[in-house]
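A.B. asks: What follows is the residue order along each chain.
2 protein chains.
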Amino acid sequence: MKDKNYFLKKAEENRPQLFFRKIVPDAERFLAESGNSIVLDLKEHAVGHFSFKFDNYDDFIDAPVRMTIKFGEDLYEINREFSTYEPGLSKTWLQEEILNIDLPGEIKMPRRYSCRYIKITVDFTRKPIVLSDFCFTASTSADITQLEKAETNDEMLGRIDEVATDTLKECMQVFLEDGPKRDRRLWTGDLRLEALTNYYTFNNNKIVRRCLYLFAAGETDELGFLPSYIYETPYYFSGRAHIADYALLFVVTLCDYYEHTADGDTVDDLLTICKSQLDCFEKILDENLIVTPQKGWFSFIDWCPGLKALTALQGVYLYTLERFADLLEKLGDCDCKKYSELLKKVRLSSKTHLFDENKKAFINYLDEYQFNIHSQVWMILGGVIGGEEAKELLLCALESEDAKQPVTPYMQHYVVEAMLKLGMKKEATEYLKNFWGGMIELGADTFWEAYVPGEPDFSPYNDRLSNSLCHAWSCTPSYFIRKYNL
Amino acid sequence: MKDKNYFLKKAEENRPQLFFRKIVPDAERFLAESGNSIVLDLKEHAVGHFSFKFDNYDDFIDAPVRMTIKFGEDLYEINREFSTYEPGLSKTWLQEEILNIDLPGEIKMPRRYSCRYIKITVDFTRKPIVLSDFCFTASTSADITQLEKAETNDEMLGRIDEVATDTLKECMQVFLEDGPKRDRRLWTGDLRLEALTNYYTFNNNKIVRRCLYLFAAGETDELGFLPSYIYETPYYFSGRAHIADYALLFVVTLCDYYEHTADGDTVDDLLTICKSQLDCFEKILDENLIVTPQKGWFSFIDWCPGLKALTALQGVYLYTLERFADLLEKLGDCDCKKYSELLKKVRLSSKTHLFDENKKAFINYLDEYQFNIHSQVWMILGGVIGGEEAKELLLCALESEDAKQPVTPYMQHYVVEAMLKLGMKKEATEYLKNFWGGMIELGADTFWEAYVPGEPDFSPYNDRLSNSLCHAWSCTPSYFIRKYNL
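Just so you know, the protein sequences line up as chains G and A, in that order. According to our numbering, the stretch in the first sequence is residues 1 to 486, in order. According to our numbering, the stretch in the second sequence is residues 1 to 486, in order.
Zero decoy hints are in this set.
Chain copies aren't distinguished; within one or between two, either way the pair holds.
No more than 20 angstroms apart at the CA atoms, straight line, and that leaves these computed lysine to aspartate or glutamate pairs for DMTMM-like: (1) Lys295 - Glu368; (2) Lys127 - Asp183; (3) Lys91 - Asp102; (4) Lys108 - Glu97; (5) Lys91 - Asp62; (6) Lys91 - Asp59; (7) Lys149 - Glu44; (8) Lys338 - Glu322; (9) Lys351 - Asp286; (10) Lys127 - Asp62; (11) Lys275 - Glu329; (12) Lys91 - Glu33; (13) Lys53 - Glu232; (14) Lys4 - Asp59; (15) Lys127 - Glu232; (16) Lys119 - Glu33.
It is worth saying that the hints were derived from the structure and are not from the lab.
Could you put the whole structure together from the sequences, leaning on the hints where they help?
C.D. replies: Here it is, written out as structure tokens:
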């Protein structure tokens, strides 16, 4: 029987191998007294474990030594006092330890960190000490020997591709994490984009398969939706949040997976769950086939503050229906027709009820008449609008000062995807270069969870110290560059 | 050749076995949210490692949890905020850790602690957590199965004996430590008293032998004295301080050792060093055979603030000369006569130059005419004065408000030893019961490094938080009770 235990067994069978690599930072030795500090630079972003040697200098230290060790994904994190953190998320995500060390020897810090810089401050020592043999052991399940260079002649695109593949590599651990610094969980929204980029880069199908099974083992909510995240370490725990767009994207992720692997066994295992996600969604449609609001954190779409995200969710539903009907057609599944016909009806109704013919945009009662990019993009991706009409709408919306703009590379992915769907390859390339290239110009080693050009302090969590600077959902430029030969 | 390497090899050959024992504190489970704390009670003093299990309560913690774990030898340490510590010694001796814990699992704290109480404060958690399976793994090289009960009918003496043997047991680790909470070093002054008590309790001669060789491997100072302390973990390091009374007590420790073990080989290995300690001391005597002041921390004797300790040091010299001459006589060593004759001359001269015939006490130019117990005690132990005259002097001095009194059980040991030497068994017993029993009445599980009746905040280090509450040099009641059948 295909129950939770079966899915967990399959997930375990597909546990990936981790590759380890030692990175030596730019300093060899640090002679320190109380109050001294040093900032080590790994010269790249890395996820893993830090160790160093600690010894007496000219006399035996006659009392334990206390040091503070801070790990930063960028220098802003290193330079800001963590005591000034303004709560939003948990302050415990800030990567800082206070160590008391009794005796000379090798200090192997037990926790995993995500960083480029390491700041060591000797808070208290009675006598001078020497720190040396700094070593950061980086880990990833991405096999970098499998990675080919992107075939692009554009220098900025080439650099963007490198940073994007580095971002993905860092998030590929024993499962596909959202961010190695913070959350370190399996989220459906991130999984879909990581998996997509993976097919064109490291091509590790095993880890995608594993993540699909991990979700399949999850507990559905009262509406029947899969959890939107999973903890798998140190034991399996099904996430409490159930976000409708994420539940739908699980289905899309399986469709992508089959497209790239033709692995019928896995699809066979997970098809019932996928049908159930779409059938559950159908139940929350009103008589016009428009989604009805539900309690809680129901539609994510983007971290945009104040975003009204039901029209976009309706778009995600259409997008999923189309992809799923295609999959069923390929599989010769007899339910194909049911979903295809539903798709047509919902599409038509969505145009009728959600498109404002005067304003020529998706601005409607469902989102309290909020004008946002998100609705336009997802209605395009959902096939509600197309051709020149859609191109004009999208370009106008992106230039409009009235429209709520995306704040994450996650939503920006779907903007670019919409452009490419509309055949706007030139505009998509420029957009991608401007947006992701903007992070590189600001010194990014990996792509960030949230980025609003011109607003360096933007954070969905009240304080930019909480932002993850290496985030899975930001890695898709490599997918676009490689798939579409940008 | 008997060089440093030879001595270190012998020390290594005599490394003792450690015995481990799991202690379960009085609480089984702690359900906590941010700000909650619990105090665990081991119901006994223990030295070792702490572990516990950490798990989710009703949901997976979605961010690391931060906790502060504090170890206290008594409740005063637990209840006092360490941030109010007033510097004297290093604040890093205060046993407190800040832990960031990512995931459910067993938390094995890597450092060794010395405590009876453990306070866990959950500084920050997003969701309730459960701590359980608290376990303290205590270690000692004392084989408690070798320990017999003291044959005393006095209830308080019986209790004092238990606390004293516990104190010794806690300090017996891979070498004889001075205090397991603070310093954790091998000091000659502590070694001598630990070794002495050991012969009547756990009778582990191997560990004493090991410590003697560790000192023998040390680097002598410009006067030729052995170091007064040694670090042996994680590698051998010869201490920088050279204290004359401690250098002499190394010789006494070997004399005690031979008396209890008749181990001629070890004595043979170390005899040259002992002779050298006495010969070096002889070189710093003046024309009247009285010790001359030397720079630095030259005479320790006791932690008494402002103590003038040269007369007492002269007494330690005489005490050592007598013990050493006895040893040489037993060994049939031809140098015996030389030291015996010197002893007589120095004794005579000490009485002539250091005893004030009017005041009937050792109050003299050498110590700027300071009246202290220490001089009287060590002159008695050095055989400069004896009989009724000495008894009267000692009792008067102990009752005098003008005399500087001892502040450590270390010096109090020699007070009791002097009484017993003078045949004052009854007074010695009462004195011992009052002094060590006073700590028990204040709740001591083990005997303290420093104790002044009526002054609970007394500390030689400015803040009582620095005091070690389980200190080797305080364990000698068991020696007295068992040797003299008190």
